[in-house]
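Asker: Each chain, letter by letter, is given below.
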Amino acid sequence: MSLTVTDLSCARGGVPVLEGVSFTLEPGQALELRGPNGSGKTTLLRTLAGLQSALDGGIEAPDGAIAYAGHADGLKATLSVAENLRFWAAIYGGGAIDAALAAFDLRGLEERPAGNLSAGQKRRLGLARLLVTGRAIWMLDEPVVSLDTASVALFAAALKTHLAGGGSAVIATHVDLDIGAGTLDVSAFRAAPAQGGAFDEAFL
Amino acid sequence: MSLWEYANPRRFMAVTDRWMPWVFGAAAFCLCTGLVWGFFFTPADFRQGESVKIIYLHVPAAMMAINAWAMMLVASLIWLIRRHHVSALAAKAAAPVGVTMTLIALATGAIWGQPIWGTWWVWDPRLTSFLILFLFYLGYIALWAAIEDPDTAADLTSVLCLVGSVFAILSRYAALFWNQGLHQGASLSMDAEENVSDVFYFPLLMSIAGFVLLFVALVLMRTRTEIRARRLYALSLRERMS
Amino acid sequence: MIALLLRDIRLAVRAGGGFGLALAFFLIVTTLVPFGVGPQNATLALIAPGILWLGALLACLLSLDRIFATDFEDGSLDLLATAPIPLEGVVAIKALAHWLTTGLPLTLVAPFLGVLLNLPGPGYYWITLTLAFGTPALSMIGAFGAALTVGLKRGGLLMSILVLPLYVPTLIFGAETVRRGTEGLATGTPLALLGGITLGAVALLPFAAAAALRVNLR
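Chains as they are written, first to last, in my numbering: chain A, 1 to 204; chain B, 205 to 446; chain C, 447 to 664.
The hints are simulated quantities; they were obtained by calculation from the structure and are not laboratory data. Backbone N, C-alpha and C define an ideal beta-carbon position, used for all residues, glycine too. A hint or two may mislead.
Ranges of calculated distance between the beta carbons of each label pair, as one might list FRET restraints [said to hold, decoys possible]:
hint	chain 1	residue 1	chain 2	residue 2	range
1	C	Leu451	B	Trp327	25 to 35 angstroms
2	B	Leu281	C	Gly646	17 to 27 angstroms
3	A	Glu110	C	Gly535	20 to 30 angstroms
4	A	Gly14	B	Phe233	37 to 47 angstroms
5	C	Ala649	B	Leu281	18 to 28 angstroms
6	C	Ile474	A	Pro62	53 to 63 angstroms
7	A	Gly14	B	Ile320	50 to 60 angstroms
8	C	Thr489	B	Ile320	25 to 35 angstroms
9	C	Gly567	B	Phe243	35 to 45 angstroms
10	B	Ala433	C	Leu451	54 to 64 angstroms
Isolated chain A, as found in the complex (with noise of 0.2 angstroms):
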């Protein structure tokens, strides 16, 4: 379940971000995703994610293995905690919600509508959904935003169960979590303006 990527350029509205990103994960590794606002992570997340394509290079990991989690938790507000959670561990192929809910401390809220909880409730409860997916690599956008100091010791600890466990994990973050991970600054990868593969570069 290892993942690799190779000389990755992708772009974001047309215009290239990101170019020659290469690196490997292997199981039970974790890598940050470091630089500044607008430097490419949720662009280099999403294209590892598949949900949209690079425009060079390769990705190789293994079918199916592959979780995302982006800036929205994808919570319906008017379903309770458990559907929610429920619903997502039916689309992957059903398993207990039981050690999500214990892991990210949400025992007792399980009725509560979703709409209900608070914003730190809500991403713990994007988190655990991760936990139900039963996939071995994550992709994090910005995970800790909006947890205070205890929900983050949570989010580590369910993180570090996961990478014992074999899974791996890609984060884009700003907070150092503690979990001994790699960090990759994309900074260094921005792509040059003038050249690269870009549709747009024809018109100039």
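Got chain A; can you put chains B and C on it based on the hints?
Answerer: Using the frame of chain A, we list chains B and C on its own:
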């Protein structure tokens, strides 16, 4: 030399730059000849009188209204399959020309229908189909206008054009099924029985050639404008990046 | 897949989901027509099939934005696109959920609204039958329109402009079948064509809609 070389915007601009005056000139010549010949040097129809002469505007405009959509369909397919930008932009450029042709066909049809049928509008299958085609054009243009990112817009409008073509044909036959009409048979067809006579035929061909050339000239001109607009967009993006 | 269907139905039925609004809209449109054209029963009987079809079509149209728009806003669509279900399947299931919560109820209430318009006797049978045959196509075509406009901030009006011309064949064959049925003419051909459009739409449009969604998500 392959046809696809013109898919390069720069090459397209260079070549069409040389063609433009000739295409416009040929269009003007054919249109003037066809229309003057048709309007002043053909006899009046024995049943329809002088009003038949609107045929020299009506038939070519109606043909081009359909052909413009067909051209957009082909261009959309080329964009979806081969990702040539000029193709997507040509489809975008053809839509307003096509919608104008549809409008001309509808307007001249109404003006023709008034003396002949005694009414400006009937829900005849042909008229209905053209009205529906007009609506499809409007939707297509509106979708182009609504989306900011040019590649997204090109993709979505191409998909709409494909699906729209299928539904336009369906609507055509649905309208035919729904109401048998008053409209006379085709003015030009392989079936010689219902064809117009030679006196009308040659000036009509001339003005059809004029409309085709006019369409080509307008689409080329508009495509050139779109390419320039796209170049501006690319330049402003590059400005923002550096 | 079934989980997705159940979720969408549950969301539609829960508070704020908009279930029932389409029915209320259908009722109001049907009520307004006699105010517009006058209370003569003969006139109303003549136009009843068309009005019922048009009312059902508009009610269907107004509820289309809930197919993808809310999922797009809260990020669910991103997650569904990376989930193990193919996006074509997601589109088809969501259109089915839309039909079950909109098209099917509309079909069931149409005969009762027919009473208000003095629909002739055989018309009740035909209006129910044609709506049952035709509304799945309305949901599926609508899902395609919704997929095209999902990324736009105020896509509602644009979606109507895109979707309504696509509704033309369904409306023509549907209303024509009812008209012929009411007059006691043969209805086999238009009914078969109506069913054909529905089947064709269900078979092919999920691919077009999924392609549009992928473009909008990237």
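Asker: Hint by hint, say whether it matches the structure.
Answerer: Each hint tested on the structure:
1. Leu451/C to Trp327/B: 25 to 35 angstroms: With Cβ atoms ~41 angstroms apart, the hint is violated.
2. Leu281/B to Gly646/C: 17 to 27 angstroms: The hint (17 to 27 angstroms, Cβ to Cβ) holds, given that Leu281/B and Gly646/C are roughly 20 angstroms apart.
3. Glu110/A to Gly535/C: 20 to 30 angstroms: holds (29 angstroms)
4. Gly14/A to Phe233/B: 37 to 47 angstroms: Holds: the Cβ-Cβ distance is about 41 angstroms, inside 37 to 47 angstroms.
5. Ala649/C to Leu281/B: 18 to 28 angstroms: Holds - the Cβ-Cβ distance for Ala649/C and Leu281/B, about 20 angstroms, lies within 18 to 28 angstroms.
6. Ile474/C to Pro62/A: 53 to 63 angstroms: Since the Cβ atoms of Ile474/C and Pro62/A sit about 55 angstroms apart, the hinted range of 53 to 63 angstroms holds.
7. Gly14/A to Ile320/B: 50 to 60 angstroms: holds (52 angstroms)
8. Thr489/C to Ile320/B: 25 to 35 angstroms: Holds, at about 31 angstroms.
9. Gly567/C to Phe243/B: 35 to 45 angstroms: Roughly 57 angstroms apart at Cβ, these two residues miss the hinted range, so it is violated.
10. Ala433/B to Leu451/C: 54 to 64 angstroms: Given about 44 angstroms between the Cβ atoms, the range is violated.
Checked against the numbered hints listed earlier, the structure breaks hints 1, 9 and 10; every other hint is satisfied.
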